[in-house]
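Trainee: Each chain is listed here by its residues.
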Amino acid sequence: MSIKSVARVRASGVLFLAGLLVSCLFLLPVEAGPYLDSAHGNSFYGVNRMVLDSQYANFATGNCAHCHETHASIAGADPLPAGGPSAHTLFAGNFNSARTLQPYLETDNFCFVCHSETSGQQVVNQDYSTTFGGGTAGTGPQAIMTAFNQNSYHNLFDIWSFLQNNLFYPGFNSDSNPCGACHDPHLAKRNWDATQAGFPLLSSISRPDLIGSLWGETELMSSFLGYEAPYAFATSREPAGIGDVAGVKTPDYVSFCTSCHDQNNVIWSTTLNREVKKINWGNTGLGTSKHGDLTREGNNSFREPYATAAAIKTNFVLSCLDCHEPHGAINIMLLRSRANGENLEAVLTSTDTLGFLCKRCHSDDLIAAAGTGAANGWEYVHHLATGAPYPQAACGNCHGTGGGIGGGVGGEPIGCGHCHGHGLNDSVLGANQSGRITF
Amino acid sequence: MMDKRWVVFVFLVVGLLPPVFCRAAVTGDCSSCHTMHNSEGGAPVAHTFKITGGVDFSPTPIRNLLKTDCLGCHSSAGAETIGDLGGQQVPIVFNTTEPTYPPDGSTTSTLAGGNFHWLLSKGGAYGHDVYGIAATVTTPPASAPGGVDRTGGCVHCHGSLATSQSGCEGCHVAEHHIGGNAFADREQGWYRFLGSVMLKPANFDTSPEGVTGIESPDWEQNPSSTQHNTYQGSIGPYSSYLESGSINQKCAGCHGRFHAETLSTSTWIRHPVDVAIPNAGEFVGMTTYNPLVPVARRNVSPADANFTTITRGSDLVSCISCHRAHGSPYPAMLRWAYRDWPGIDSHTLQPAFNGCAVCHTNKS
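Chains F and X, in that order, give the protein sequences.
Taking my numbering, I'd label the letters of the first sequence as residues 1067 to 1505.
Taking my numbering, I'd label the letters of the second sequence as residues 20 to 383.
Quick caveat, the hints were computed from the structure, so don't treat them as lab data.
Because the structure is a prediction, the values reported are computed rather than measured.
Check before you lean on any hint, since a few could be wrong.
Derived list of chain X stretches under chain F, where covered just means 3 residues or more per stretch with a C-beta under 8 Å from a C-beta of chain F [stated by the list, open to error]:
| id | stretch |
| --- | --- |
| 1 | 275-289 |
| 2 | 293-300 |
| 3 | 360-366 |
Ideal Cβ placement from N, Cα and C applies to all residues, glycine included.
Please work from the sequences and hints to get the whole structure.
Mentor: Pasting the structure below:
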């Protein structure tokens, strides 16, 4: 090959590479910003209304028009789903405040038009137990609306009622969507996709009192020295098995959730027909918890990874999402169906069976090979372990008919919920109480 | 007796005055526009522009002894967007050869109002359906998109501009013989001759109400943040036809429902217009005037010419912040490839511009 030919080939190669580079630049939008980084603004998997109205096939995925209608009109007709103009120029009503209890329908909440299994884009979102807790994909609710329609749920009407016109939560009014309390649709990222750079700290949440910003990408559970990430699978940690022991890959859900559920706010639950419990995750004041920042005492009968970590970490501070789902759950009180690397063995339908969750981190009689020796038996922890609070001296004082504790008759185990729950102690035992904080 | 040198000096000063002072209104030979008998050498002079190219001469005279109609002067078979009529510059709003978009300062750069080219080449969604370019409508609809139903003769403008009774004059009240200043109010025949059609009195008198504004010397052929039109807006409410001087009130005459924007809770249900850009939140990132997404200003005065800095809390979002009144390469006559973002602009084949983010600075 002559020098001239070589030069020609090299020149062709350079031109080809240059062309390729230019083509790549040409294909990739050069802009980047918070909305484009969000799940809704993504040009590949972002919002797209073409399933609802075929004329939106002419709009780029992620385009504003898939949610907003500036005039509620295209060529003189209201695009589908029709219904006239709606708050915030959305294509449908933001929230049906007449829906005070589940079941929710797609028409009750603008977000559900797509975040359901039956309408719009039918966006797949699995629950925390599956996405970050190691659960088997496809086994739980597959959409947000489905999650809200389970046995327990974050009541959207109550969120809507609590936040509107509340000075501490600016920007929320009667035309607001309760989902917007925790999610900014223009910022929220696809947080579940392990293939994306930044996973698992791609945030989909915004603190209700800190609008206009994402929460949990730099605000981490590691700020609590006592956080110990639970297992997701075997010995790999949450979130999603790629977590860090100290929580540097876990958003600070404590500060997030307690921005509403703190020790002061009075929050009515239409579902429960009572106020929800106040949460004090600190170590002073009323209603403190050992699962929060209150110092541990006595016997704890930890399972791994907590048993080993307890030697170093003198006090554990749990993340709310170590136990709770944010949207809804098959169990009572939005309790997860999988915790610390294992599925719960039963659906929790009352506080009497909370032990199926407790045993994920604490040794029941089966694990301890003591007491009754039974799964979800708790004789060992309460009576036999070193530091156990209740001597087996006068069983009938608590378990007998004279004990006066509902469910605790004839020597049967006392329902967990009498003593264990946010802000509880064992004062229900009267003269037999240990005086300990029991949660 | 006056020194002759003073006379020479005055003539020199007058002669050297910049031509901008006689730009907006028509000057020059009457015969550039008028014909006394519609006849030259026995052939008709009156003509209309053919959208397929060339002109059609007609023995039927045109009113006001004009040689041609609006499109006859303001159209071109080429792509140049400023024409020449007897030495007078004429803004071209309809080019049969595609002009350049977005405006780039070239001689083919689309002017501020947009261009009817795309109405012809792409369809009704790409331009106002004016008579002479759009297919003629014999039975116009009762209302334009966003309008309320009208009856009788009202439908000729409020239902469609594609009727012989409406067309360009459905919006414009031509006042070529008066004014000439860049700052245009009633004395100048209103901004872009956008006087009230409804209130137009007898000939030789201007409409008492109309749109106020300042026109860029080159009709924004080469717009920038320091050289652009200035549009008047008003927070209303409106009470007459164009008493506010707001260009948005002009649009609302036919598309008024698009101007009904809030619930009782003050939450927007449509995108607002004639509303102040908040000096808060994401809007604080909006600082410099962008001629591709212009804002309107209240109580425009000559001092507002080419203002560069947005006055948040006062300057207003306008219909023309997003739309080109005549037409654009994009559906709904939008100024940028709204539908294509985030992706590739179907017209320029470049990454689509996110016009929304000019105001909604967090939505990028």
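Trainee: Determine for every hint whether it applies to the structure shown.
Mentor: To see whether the hints hold, each was checked on the structure:
Only when three residues or more bring their CB closer than 8 Å to a CB of chain F does the claim for the stretch 275-289 of chain X stand; here the count is 7, and the claim holds. Against chain F, the stretch 293-300 of chain X contributes 1 residues with a C-beta closer than 8 Å to a partner C-beta. That does not satisfy the three-residue criterion, and the hint is violated. Judged by the Cβ-Cβ criterion of 8 Å, the stretch 360-366 of chain X is covered by chain F as claimed, because 4 of its residues qualify and three suffice.
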